[in-house]
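Residue numbers (the working numbering): 119 to 442.
Treat the hints loosely; a few may be bogus.
With beta-carbon atoms standing in for the labels, derived distance ranges [as the list claims (entries may be wrong)]:
#, residue 1, residue 2, range
1, Ser147, Arg432, 37 to 43 Å
2, Glu236, Thr367, 28 to 34 Å
3, Lys195, Ala378, 38 to 44 Å
Everything labelled a hint here was simulated from the structure, so no lab data went into it. All values reported here derive from a predicted model rather than from experimental measurement. A virtual CB, placed ideally from N, CA and C, is assigned to each residue, including glycine.
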Amino acid sequence: MNTPMNTATKSFASQADLEEKQVSFTRLSAHAWAYTAEGDPNTGIVIGDDCVLVVDTQATPVMAADVIRRIREVTDKPIRYVVLSHYHAVRVLGASAYRPEHIIASQDTFDLIVERGEQDKASEIGRFPRLFRNVESVPPGLTWPTLTFTGKMTLWLGKLEVQLLQLGRGHTKGDTVVWLPEERTLFSGDLVEFGATPYAGDAYFEDWPATLGRLAALQPAQLVPGRGAALGAPAQVKAGLDGTRAFVTELYAAVKAGAAVGEDLNAVYRRTYAALQPRYGQWVIFDHCLPFDVTRAFDEAVGHRDPRIWTAERDRQMWASLAS
């Protein structure tokens, strides 16, 4: 039976991951661009008739400055809107660099920032320092939306229609996608990954597959996932949706099977690692994400409907317990 690497012999989470990734800035449709970096968090850019909208900000203002530099290579229009696909620190703490007129998020995301934003910030920075380059550039406090919505919000960037949609829970309860209906271009946030392991520590496993079905029903021709390469054709989009759905479904099935026969978290983790590693072990951050993913799936399987708050202390306790 395959077993996971002994986490006791390696640095906590991804603290040892120091390799810089190659950035790509790709045009997907008439108004949509993707800033991607070999499995690091992506940023989406919509260039409308009169302004620019940014989807997810990067983790620090210094990192966001590279996004801005690339935007300025193709347009001098003002950056008016920043949209937060969800509340995780790695997605939102670079917002101040853009100096937008509005930072927009779902009301559910706003509520999560109130409930657990401070703890999440400390937790994420501790897990993955490379993704918070020049963390000292982050202003004190949290990134707060200036506009919130529930269900759907439509923005007009001149004549370009941009829809902000909540299509269901998955990666978090506040997930927002950005949809350009005329161009059939979708920015999914971390609801979809491509060649990168979904982080599911704050997920809703029962809901996620159905939410992906609603994304697929839009019939996007292009999709910018939360991590991984931009998907520029319907076949690639389908592969991204199908791969994410398969990972989430298979992980939760393995966890439920272990929980149903009374296995503890450690045994369930080893069962799940053995089940998923052959197919998904080469995906970016597999060993980083799986302990968090299995811990959340185990909670949901035994009746904890809503994710518990991750703190830096809880992160380390979990990591240590799964190393035994």
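Item to check | In rising order, the numbers of the hints this structure does not comply with | outcome: As far as the earlier hints go, only 3 is violated by this structure.
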